[in-house]
Structures are given as C-alpha cells and as structure tokens.
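K.L.:
Below are the chains, spelled out letter by letter.
2 protein chains.
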Amino acid sequence: MQPALSPAQLTAALQWRYATKAFATNPIPAETWKALEHSLQLAPSSYGLQPWKFFVVSNPAVRAQLRPHSWNQTQVTDASHLVVFTRRTEMTEADVNAFFNQMVAERGADATKLEPYRQMMLGGIVQGKDLAGQREWAARQVYIALGQFMAAAAVLGIDTCALEGIDPAKYDEILGLQGSGYQTLVACAAGYRAADDKYASFKKIRFPEQRVFGRI
Amino acid sequence: MQPALSPAQLTAALQWRYATKAFATNPIPAETWKALEHSLQLAPSSYGLQPWKFFVVSNPAVRAQLRPHSWNQTQVTDASHLVVFTRRTEMTEADVNAFFNQMVAERGADATKLEPYRQMMLGGIVQGKDLAGQREWAARQVYIALGQFMAAAAVLGIDTCALEGIDPAKYDEILGLQGSGYQTLVACAAGYRAADDKYASFKKIRFPEQRVFGRI
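Residue numbers (the working numbering), protein chains in the order written: chain Z, 12 to 227; chain V, 12 to 227.
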C-alpha cells in the first residue's frame with residue numbers, strides 16, 4: 012500500500028496533539044466520528060479477542076452526572092464526544108468461542124483444523140490466567156485501543172484528552188455496568204480545542220532520546 | 012489544523028493493517044523509521060510521565076537469541092525492525108522530578124507556582140500506588156505507546172506485529188535489563204509483509220458493532 016501520510020506529516024500531527032483541557036462546542040462531523048469508531052473497532056488485540064466495549068456517552072444529563080466523578084474536569088461535559096473505555100471483566104470459554112466461531116464462519120474455515128488455535132487461546136487466556144491476570148491482560152488491550160484512537164484522532168485533526176482521573180466504580184454505577192461483564196477503565200474526550208485553551212501553546216515535554224530509547 | 016487524512020483514508024489504512032506473520036527483508040527507510048520513533052516519543056501518558064523505555068534491537072545475534080523465547084516466531088529475526096517495549100519498574104520522586112524539572116526549565120515556568128502539580132503527581136503515582144499498582148499503571152501507559160506506534164505505522168504503510176507471546180524475564184536477561192529500572196512487557200516487529208504471507212488476505216474478524224459499542 013502507498014503510505015497515506017509522509018513521515019513529516021505524521022510527526023506534525025502527533026506533535027500537534029496535546030491533552031486538551033478546554034473544548035469548543037462545535038461537534039465532530041458524523042463521517043469523521045464514524046472513522047474514529049472504526050479506529051476503535053479495528054484496534055489490534057491479543058489473539059484478536061477484543062476484550063472490550065466502548066461506551067459513547069451522548070446524553071448530556073449522564074455526562075453531567077459523570078463529571079463530579081472525574082475531578083470535575085470540564086472535558087467530560089464540554090467535548091463533542093465522550094468515550095468510556097471498558098474491559099471484559101472475565102474471560103471465559105464463551106468469549107473465545109464467540110471469536111473463534113465468527114472466524115470459522117467468516118473465513119469459511121474448518122473448525123476441526125483450527126481447534127489447536129482455539130485450545131491455544133483457551134490455554135493462554137482462560138485457563139492460563141487467574142481472574143486478576145485476565146483483567147490486567149484485558150486492560151492492556153483496551154489501552155492499545157486508546158492509543159490507536161488518540162493517534163487516529165490526531166491525523167484527522169481531532170483533539171482528545173484521555174481521562175484517567177475518574178472513579179471507575181462510580182462510572183460503572185452511572186452507566187449501569189454492574190453485572191454487564193464490562194468495567195470502566197478510562198475515558199477519552201474528543202472534539203475541537205477551544206481557541207483560548209492556553210495549554211495548546213505549551214511546549215510538549217518529552218524526555219531526551221537517550222532516556223527513551225535503548226539501542227542494542 | 013487541517014486534517015492530515017480523510018476519514019476514508021484513515022479507515023483504509025487501519026483496515027489494511029494486520030498482525031504480519033511473514034516479513035520481507037527490505038528495510039524501513041531511515042526517515043520513515045525516525046517518524047515511527049517519534050510516534051513513540053510523542054505518545055501520550057498519564058501526567059506526561061513517560062514511564063517507559065523502548066529498545067530498538069538491531070543486532071542480528073541478539074535477535075536470534077530472543078527468538079526461542081518468543082515461541083520461535085520468525086518476525087523476531089526477520090522484520091526490518093524490532094522494538095522491545097519496557098516499563099519503568101518503580102516510580103519514585105526522582106522520576107516525577109525529572110519530568111517536573113524539565114517542564115519548569117523548558118516552559119520557563121515558576122517551580123513554586125507549579126509545586127501543587129508536582130505534589131499531585133507524587134500523591135497519585137508515587138505515594139498513592141503500591142509497587143504492583145505502579146507497575147500496572149506503567150504497563151498501561153506503555154500499551155498506549157504500542158497502540159499509537161501500530162496506528163502510526165499503518166498510516167505510513169508499514170507493517171507491524173505485536174508480540175505478547177514472549178518470555179519477559181528471558182528478554183530482560185538477554186537485553187541486560189536486570190537492575191536497569193526497566194522491565195520487558197511486549198515487543199513489536201515492524202517492516203514490510205512478505206508477498207507470500209497468506210495471513211494478509213484473511214478477512215479481519217471483528218465483533219459486530221452492537222457487541223463493541225454501547226450508546227448512552
């Protein structure tokens with residue numbers, strides 16, 4: 012495939028991104044938002060198991076309820092879009108089978124031939140990890156999706172702010188997630204920076220190359 | 012900023028990406044690789060604390076040593092580039108200060124005025140989390156960088172394969188990371204897919220929209 016972007020264009024977009032504090036009110040156009048949802052749905056995950064669900068919270072009353080459980084950060088209510096990233100609470104054989112059966116069906120594959128792959132997933136994730144291990148494995152996958160989402164937004168000229176300073180249990184309560192099989196981990200606001208967000212002009216602070224890279 | 016990509020271009024690039032199994036031998040051009048390193052260095056992290064170090068392993072002998080500890084996956088030795096993603100093993104006041112002091116210096120800010128921000132970071136990460144909590148927090152940040160890296164590669168037309176099936180302790184040993192303050196979490200191969208990698212043509216399996224998205 013031809014690169015969609017030149018190296019310089021990519022770097023410029025990622026350099027332009029910052030943790031937006033103040034959002035303007037203008038909404039992300041529908042087609043752009045759809046592409047951002049695709050960036051979530053297409054995110055890579057271990058074995059392809061997608062142990063996640065993304066809640067797009069549009070209801071202003073619900074967003075107002077979430078804000079006090081987010082250190083009162085204005086992004087929760089003001090940004091065009093708010094996504095709550097949740098992980099699968101537990102990984103069972105049914106989760107593996109859902110993925111496996113869809114794979115067999117959509118690829119017209121032979122389930123018997125692929126059975127060793129199913130066993131590998133079961134051994135690696137369902138039997139091979141305790142509940143805490145499954146949850147942390149799932150959390151890491153969710154953060155891949157978060158990283159892909161913020162990078163995707165940047166190249167689309169959309170601002171984001173990841174919100175880790177939230178109360179996940181309160182989010183679960185407000186979003187009605189108890190018993191759903193999913194748990195809140197982190198949220199991310201997306202939209203357009205306000206013209207007067209002073210943080211936009213602050214120099215990005217990044218450790219020097221020799222601290223960040225090892226060369227072997 | 013003008014979007015660097017249209018929504019359709021972004022989706023096409025992310026749809027094109029897959030977990031590459033067989034890499035060709037041609038190398039990533041230097042300018043493109045530099046942009047991919049920038050995508051790592053510019054990755055977002057909680058408070059901006061960058062609790063990570065990325066090891067670019069170019070030495071073929073070292074890559075050959077790593078391969079048996081990676082389920083013998085050929086990507087480890089064959090891809091143009093191999094990055095080992097490591098997390099900071101422990102977060103101390105010195106880590107917070109390194110970031111804080113650089114911020115104060117580069118922004119010409121007043122350290123006294125910003126002291127509450129330093130205290131907030133210390134309270135949130137250094138004092139507010141035990142060692143296991145710090146490690147998991149750091150791991151999640153590293154996975155943001157991994158997600159940004161794979162998305163960045165896709166829009167540059169570069170193939171990747173994240174490798175979670177590795178033995179982190181063996182990697183640490185081979186890379187000489189014991190006592191370095193960094194621990195291996197995951198690796199990622201990058202380069203160009205081999206013309207005969209049959210996985211390239213397989214339909215991408217993604218759960219249906221109603222399983223992946225909640226709308227509130």
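One thing to keep in mind: the hints can contain errors.
[As the list claims (entries may be wrong)] Examples of chain Z residues toward chain V, derived with CB under 7 Å:
1. Pro14
2. Phe66
3. Val115
4. Glu117
5. Ala120
6. Ala122
7. Thr123
8. Lys124
9. Leu125
10. Tyr128
11. Met131
12. Tyr210
13. Gly225
[Said to hold, decoys possible] Over 12 Å on every C-beta distance to chain Z, these chain V residues come out as not near it, computed from the model:
14. Thr36
15. Thr103
16. Glu104
17. Ala109
18. Lys181
19. Ala205
[To be verified] No farther apart than 30 Å at their CA atoms in a straight line, the calculated lysine-lysine pairs in the DSBU-like style are these:
20. Z:Lys140 with V:Lys214
21. Z:Lys140 with Z:Lys124
22. V:Lys140 with V:Lys32
23. V:Lys124 with Z:Lys32
24. Z:Lys181 with Z:Lys45
25. V:Lys32 with Z:Lys32
26. V:Lys32 with Z:Lys124
27. V:Lys124 with Z:Lys124
28. Z:Lys181 with Z:Lys140
29. V:Lys124 with Z:Lys140
30. V:Lys124 with Z:Lys209
31. V:Lys32 with V:Lys124
32. Z:Lys181 with V:Lys181
33. V:Lys214 with Z:Lys45
34. V:Lys32 with Z:Lys214
35. Z:Lys215 with V:Lys215
36. V:Lys215 with Z:Lys214
37. V:Lys140 with V:Lys124
38. Z:Lys124 with V:Lys214
Hint data in this document are derived by calculation from the structure and do not stem from the laboratory.
For each residue, glycine too, the CB sits at the ideal point set by N, CA and C.
K.L.:
All hints, please: hold or fail.
P.N.:
A quick look at each hint next to the structure:
1. Pro14: holds, 4 Å
2. Phe66: Where the cut-off is 7 Å and the nearest Cβ of chain V is about 4 Å from Z:Phe66, the hint holds.
3. Val115: With Cβ-Cβ at 10 Å, over 7 Å, it is violated.
4. Glu117: Holds: closest Cβ of chain V sits about 5 Å from Z:Glu117, inside 7 Å.
5. Ala120: violated, 9 Å
6. Ala122: violated, 14 Å
7. Thr123: violated, 18 Å
8. Lys124: violated, 14 Å
9. Leu125: Not OK, violated: Z:Leu125 not within 7 Å of chain V, min 12 Å.
10. Tyr128: Check failed: Cβ of Z:Tyr128 comes no nearer than 12 Å to chain V, outside 7 Å.
11. Met131: violated, 9 Å
12. Tyr210: Z:Tyr210 check fails; min Cβ-Cβ to chain V is 11 Å, beyond 7 Å.
13. Gly225: Cβ of Z:Gly225 sits 4 Å from chain V, so the hint holds.
14. Thr36: The assertion about V:Thr36 holds, with a minimum of 19 Å to chain Z.
15. Thr103: Since the minimum Cβ distance to chain Z is about 15 Å, V:Thr103 lies beyond 12 Å and the statement holds.
16. Glu104: It holds; V:Glu104 is separated from chain Z by about 16 Å at its closest Cβ, greater than 12 Å.
17. Ala109: violated, 7 Å
18. Lys181: V:Lys181 clear of chain Z: closest Cβ-Cβ about 15 Å, beyond 12 Å.
19. Ala205: For V:Ala205, whose nearest Cβ neighbour in chain Z is about 15 Å away, the distance exceeds 12 Å, so it holds.
20. Z:Lys140 with V:Lys214: Distance of about 29 Å is within 30 Å: holds.
21. Z:Lys140 with Z:Lys124: holds, 25 Å
22. V:Lys140 with V:Lys32: violated, 38 Å
23. V:Lys124 with Z:Lys32: holds, 19 Å
24. Z:Lys181 with Z:Lys45: With a Cα-Cα distance of about 28 Å, the restraint between Z:Lys181 and Z:Lys45 holds, given a limit of 30 Å.
25. V:Lys32 with Z:Lys32: Roughly 40 Å separates the two Cα atoms, so the pair is violated.
26. V:Lys32 with Z:Lys124: Satisfied, since the Cα-Cα distance of roughly 19 Å is no more than 30 Å.
27. V:Lys124 with Z:Lys124: Answer violated: V:Lys124 to Z:Lys124 is near 65 Å, above 30 Å.
28. Z:Lys181 with Z:Lys140: Holds - the C-alpha atoms of Z:Lys140 and Z:Lys181 are around 27 Å apart, at most 30 Å.
29. V:Lys124 with Z:Lys140: violated, 46 Å
30. V:Lys124 with Z:Lys209: holds, 16 Å
31. V:Lys32 with V:Lys124: With a Cα-Cα distance of about 52 Å, the restraint between V:Lys32 and V:Lys124 is violated, given a limit of 30 Å.
32. Z:Lys181 with V:Lys181: At roughly 40 Å apart (the allowed maximum being 30 Å), V:Lys181 and Z:Lys181 break the hint.
33. V:Lys214 with Z:Lys45: Holds, because 21 Å separates the two Cα atoms, which is no more than 30 Å.
34. V:Lys32 with Z:Lys214: Violated, because 39 Å separates the two Cα atoms, which is more than 30 Å.
35. Z:Lys215 with V:Lys215: The hint is violated at about 36 Å.
36. V:Lys215 with Z:Lys214: violated, 39 Å
37. V:Lys140 with V:Lys124: holds, 25 Å
38. Z:Lys124 with V:Lys214: Distance ~18 Å between Z:Lys124 and V:Lys214 Cα, so the pair holds.
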